[in-house]
Every structure is written in structure tokens, then in C-alpha cells.
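Colleague: One letter stands for each residue in the lines below.
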Amino acid sequence: MNNRVRELRTAQEWSQADLAQRLDVSRQTVNAIETGKYDPSLPLAFRIATIFRTSIEAIFHPDA
Amino acid sequence: MPRITHTDYRRQMIVLMCVYVATMLLLWPHARTASSLPLKIGCALLPTLPILALLWLMAKRVMRSDELEQRVHLVALSVATGIVCALSLLAGFLCAAGIVVLDGDILIWIFPALCASYGATRWLLARRYGAVGCE
Numbered sequence: 001m002n003n004r005v006r007e008l009r010t011a012q013e014w015s016q017a018d019l020a021q022r023l024d025v026s027r028q029t030v031n032a033i034e035t036g037k038y039d040p041s042l043p044l045a046f047r048i049a050t051i052f053r054t055s056i057e058a059i060f061h062p063d064a
Numbered sequence: 001m002p003r004i005t006h007t008d009y010r011r012q013m014i015v016l017m018c019v020y021v022a023t024m025l026l027l028w029p030h031a032r033t034a035s036s037l038p039l040k041i042g043c044a045l046l047p048t049l050p051i052l053a054l055l056w057l058m059a060k061r062v063m064r065s066d067e068l069e070q071r072v073h074l075v076a077l078s079v080a081t082g083i084v085c086a087l088s089l090l091a092g093f094l095c096a097a098g099i100v101v102l103d104g105d106i107l108i109w110i111f112p113a114l115c116a117s118y119g120a121t122r123w124l125l126a127r128r129y130g131a132v133g134c135e
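Going down the list, the sequences are from chains A and B. When the letters of the first sequence are read in order and numbered with our numbering, they come out as residues 1 to 64. When the letters of the second sequence are read in order and numbered with our numbering, they come out as residues 1 to 135.
Here chain A stands alone, though its shape is the one from the complex:
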């Protein structure tokens, strides 16, 4: 699954640690999501969408 988490995070000028703190996850988990090594659960995807004030489908896209 592709995602725009890194793009949205850098637009906010947040570090991975900043986003990790807001999501209550480890910085390594944020990194794994951004690099596409891990697809978050639905609750975590909702938290990510809420933090960036957008919808899940605007952040996560299935692989083409």
C-alpha cells in the first residue's frame, strides 16, 4: 500500500518523532509506515487521518 504520510508530515514541518508522539507509537513505527514496510491497523489509520485533518483514502492508496 502506498501512502502520503511523509509528504503530509513534512508539510507540517514535523519530525518522525513529533508525529510518533502525537500518534502514541514509536518513531520506528512511523518510519516503517512511511517507507511502506508496514500497513497500519484501521484504528491507527484513523488516528493518522484525524491528525492530518483528512480522510483515510486521501492518505492511503492500494498499490497500482
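Treat each hint with caution, since some may be false.
To be verified - Here are some, though not all, of the chain B residues that point toward chain A, as calculated from beta-carbon distances under 8 Å:
1) 66
2) 67
3) 68
4) 69
What the hints contain is simulated information worked out from the structure, not anything from laboratory work. In this text, all values refer to a predicted model and were calculated from it rather than measured experimentally. All C-beta atoms, glycine included, are put in the ideal place defined by N, C-alpha and C.
Given the coordinates of chain A, assemble chain B onto it according to the supplied hints.
Modeller: Same frame as chain A, but now just chain B:
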């Protein structure tokens, strides 16, 4: 619940392992020579207390981890359990067939074997996910 950082976990683990080594060196040898049965049982089982505390610490760490860290812990623990079960089965069959001679002392090595397999598997998984749980 606050997360347990790797530094905090390592510090607490080192303290518990020092207690374990101290009980093994100072008290456990008396298990064979103690005169009364309660003292014998006490000396023999005392080293398990720091290990039980370590298991509780590991459980707390996993429970307070995020979802990806929990996944890594779960997969690593499953693989470690499989490895130790397979080795125990092999050793059991070899012993039952009279090919090797094993006594009860070998049971002491099950927990260290589980920890070693768990650590190695977690390290491999952490590399796959980008060093999760190795901060």
C-alpha cells in the same frame, strides 16, 4: 500506560540478571547440601524469582508497545517457541531411544534457549521493519 523504552528495559533487565547470578552463585549451591527440606526447596527455587520478575517485565514491555512492536514480539515469540519445541521433541526422542543420555538438569536450558531464539528472531524482524523495537 507509558511506554517502556529500550534503555529502561535494559537497565531493569541487568539488575534482575545480577540478582539471578548472585542467587545462583551464593544460594543455589546450598540446595544440595542443606539439611532441612524447606531450606533445600528454598535454595533450589530462589533463582526463579528474578526470572519470574524478568518475565513480568517482558510482559509489561509488550503490553505497552505499539501495534507494530507487538506484532514483532508476537512473531518472534512464536518462532522461538517453535524452535524450542522442535529441539525438545528431538532430544526427547533421542533420549527415549537410548541414543543420548539426558537428565533433568537440561530443563534449565529451555528458558535461555527460548530467550536466545526470541532475541535472534526479533533482531531479524526489526531489520525487516527498519529497527522496530531496537531504539
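Colleague: Work down the list of hints and note, for each, if the structure agrees.
Modeller: Structure-based check of all given hints:
1. 66: 4 Å, holds
2. 67: 5 Å, holds
3. 68: At 4 Å from the nearest chain A Cβ, residue 68 of chain B passes the 8 Å test, so the hint holds.
4. 69: Given a least distance of 6 Å, the restraint on residue 69 of chain B holds.
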